[in-house]
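Trainee: Each chain is listed here by its residues.
There are 2 protein chains.
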Amino acid sequence: MTQKLKTQLTERLGIQHPVVQGGMMWVSQPELVAAVSEAGGLGILTALSFGTPEGLADAIARTRELTDKPFGVNLTFLPTLKAPDYPAFIKIIVSEGIPVVETAGRNPEPFLEQIKSGGALVIHKCTAVRFALKAEAIGCDMVSIDGFECAGHPGEDDVTSLILIPRAVDELSIPVIASGGFADGRGLAAALALGAEGINMGTRFVVTQEAPVHPAIKQRLVEVDETRTALVMRSLRNSERVLKNDWAEKIIGMEKEGAGISELAPLLSGKNGLKALREGNPEIGLLAAGQSTGLIRDIPSVAELMEKIISDAAEILGKRLPGMLA
Amino acid sequence: MTQKLKTQLTERLGIQHPVVQGGMMWVSQPELVAAVSEAGGLGILTALSFGTPEGLADAIARTRELTDKPFGVNLTFLPTLKAPDYPAFIKIIVSEGIPVVETAGRNPEPFLEQIKSGGALVIHKCTAVRFALKAEAIGCDMVSIDGFECAGHPGEDDVTSLILIPRAVDELSIPVIASGGFADGRGLAAALALGAEGINMGTRFVVTQEAPVHPAIKQRLVEVDETRTALVMRSLRNSERVLKNDWAEKIIGMEKEGAGISELAPLLSGKNGLKALREGNPEIGLLAAGQSTGLIRDIPSVAELMEKIISDAAEILGKRLPGMLA
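Residue numbers (the working numbering), protein chains in the order written: chain A, 1 to 326; chain B, 1001 to 1326.
It is worth saying that the hints were derived from the structure and are not from the lab.
Warning: the hint list may mix true and false statements.
[Unchecked claim] In silico lysine-lysine, DSSO-like type, Cα no more than 30 Å apart, as pairs: (1) K91(A) / K69(A); (2) K1134(B) / K1082(B); (3) K244(A) / K1091(B); (4) K1256(B) / K319(A); (5) K1244(B) / K256(A); (6) K1256(B) / K250(A); (7) K1134(B) / K6(A); (8) K6(A) / K116(A); (9) K244(A) / K6(A); (10) K82(A) / K250(A); (11) K1256(B) / K4(A).
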C-alpha cells in the first residue's frame, strides 16, 4: 500500500493509518489485533476478555508472535461491586511495555498514574463532551468519542457523531478520535473534515476474516441494514446498542412492561452473547452492533479492508473534494 | 465572497453555494429566504405558512422585491383529513415560475405531475433510504435526507446522518442533500466527503439576524448545548425533535404515563410554538430544534454566516485534508 494519511494520531502512535480497532469484549483477540496493527492501524486487545492478568500476558505474547508493530490494550472500568484486579492487569501492561492503553467505562483517574508509569499513551473512550473534558483534565492523552450510532454503550444523551466530534474538537486541546458510525473511507474522510485525527471502528472489524466470530454472525451483519439495531437497557440508564434480534426485542418488550434489573439480568448476561458469537446463532443473546452495519456489505481480510478504506479516503481528500473548489 | 464550491447541487439549481435553507413552518418568511438566496444559497418559502394560495403569491412577490436570485417553495403534505388545497398552492408555484419545490411529509406522487408542469425541480425531503428510493422512482429530481439529529420530524428509525447519507448515495442515482446536524463549514465538508452534493440547514438559519423569530428564542438556542433537545410524540410514532424546554418535558412525562392523542393534542398545537417564537418565551410551546444547536454560538447575518461556512469548508477541502495526504 503506497498511500498514507498523516495526522496527529499516526504521528503520536507511530502507526501508518489513522484507524483504531477499538477494544471489543471477546472479539479483540490476538489474531484480529495483530492483523489490524500489521495492516498499519492500531489493534487493541481487551484485557478483561482474558480473565486474569496471566491470560492477558499470554494474549500479548501471542499477538507479538503475529506482529512486531505497536498494539494497545483496553481496560474497561465496570460499575460492579466485585471489581477485577485492575492493578494486576496494569502491572502486566506496564511490564510488557504496551505503548497505548484504551480506557473505557468509569473515570480511569484512580489507575492513571500506574498506567502511565510505563510510558503508555492513554486514550479514554467516552460518550459526551463533559466526560471528554474530564479525561483531558486528569491527564489522558487523547479521547475516542462515541456517538449515538455506535455499537455497545452510547450513554444516555443520544447525541450523534456528527455533532459530538466537532463539539469535542472545539472544547479539547488533546486529539479526538471519532467513534461510532464509521465503516469506510468516506466516514474516515468525514471524520477528518469534522476535526478528528482518526477513526475508531468496532462493528466493521467484527465483519472481517480475522475476527474470532462465527461466520453466520458475520453474514447476518452483512445482510441487515442500518435500521436493524436497537437500544436495550434504556430503562436502566445503561443503554446498549445491539443487533435487533429476537433476544433484544424480548428485552425491549420486557422493559416496556416495566421489568426491573432482577428480571432482566439473566437475559443481559454476556455469556449469552458469547455463545451466539461462537455457535453462530444470531438470535440467542445480545450482540453489540452499530448502525454502521448498514454500510457493511462484505467480509474482507483486515488488510483488504484497510487498503480500501485508505485508498477511498485518499481519493476523496485528494480528488473529489479539491475538485469542488472552483 | 470569492470562494465557491461547485457540486451537482450548485450546477443544477444555478446557485453559488451548496447550502439550502430548508422549509420551516412560520420561519421561512420572505426576509430570511431572500437573504439566503441573496447570499448564494437556496432559500425556501413554506407554502403552508401563508395560509392561502394568495398568501403564498404575496410572499413570493415580497421575496422577489428583496432578491432576483432563485428561491424555492416547500409543500408539506400533512396526514390530515382536511387537507389544504394543494392544487391551488401548486397553481401559484407554477404560474409564478418557481424553479425549485421542496416536498415533505407524505408521498408527493399525486401532485408531482402538476408541480413539474411548470418545469420546477423537485427535492423530496425524507428520513429513510426506502423513502428516498420511492422518491427517485416517482420522478423527484433530488432528495434531502434527514438524520436522527435533525430538528422536526426524523421518522422512527433513529438512523443518524453519518449512516443515512452514504447509504442514500449508494442506493440512489439522483443527488443527495444532507440534512440534520449541519451548522458550519466542517459539517458541509463532511457531508461532501460522505457523498452528498450539499447540505440543508434549519436550526442554524433560525439563529440569524434575518429569521423572523424573537431575539430571546435565538439567544436560548445559542446558550443551550447539544444535549438540550428531545423527541416528543414518540409514543404516537410521529416523533419530533424540539428544544427540551418545560413544555417538551411535560409532554414527554405525559407520554411516559400513557397519555393518548386526545390528552396530548392541546399541547401539540403549532399555535403554542408560534406564540413562543413571537413573544420570545422559550417555555410556552414546542420549538423544533436540531442537535446542531450545540454548534451554534452566535447570531450572525445570513451573509456573514454563509461567508464563514464557505470559507471554512474551502479551507478544509483545500488545505486541512490535502495536507494529510503524505
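Trainee: It remains to establish, for every hint, whether it holds in the given structure.
Mentor: Hint-by-hint comparison with the structure:
With a C-alpha separation of about 21 Å, the suggested pairing of K91(A) with K69(A) holds against the 30 Å cut-off. Taking the CA atoms of K1134(B) and K1082(B), the gap is near 25 Å; set against the 30 Å cutoff, the hint holds. A C-alpha spacing of about 46 Å is found between K244(A) and K1091(B), which places the hinted pair above 30 Å, so the restraint is violated. Taken as a hint, the K1256(B) and K319(A) pair is broken in the structure, with Cα atoms around 50 Å apart against an allowance of 30 Å.
Among the hinted pairs, K1244(B) with K256(A) is consistent with the structure: their alpha-carbon atoms are about 23 Å apart, no more than 30 Å. Under the criterion of a C-alpha separation no larger than 30 Å, the hint pairing K1256(B) with K250(A) is consistent with the structure, at around 20 Å. Straight-line distance between C-alpha atoms of K1134(B) and K6(A) comes to about 41 Å, which puts the hinted pair past the 30 Å bound. Distance restraint check for K6(A) and K116(A): the Cα-Cα separation of roughly 25 Å lies within the 30 Å cut-off, and the hinted pair is therefore satisfied.
Simply put, K244(A) and K6(A) have alpha-carbon atoms about 37 Å apart, too far for the 30 Å limit, and the pair is violated. Restraint check: the Cα-Cα separation between K82(A) and K250(A) comes to about 28 Å, which is no more than 30 Å; the hinted pair holds. Our distance criterion of 30 Å between C-alpha atoms is broken by K1256(B) and K4(A), whose separation comes to about 51 Å.
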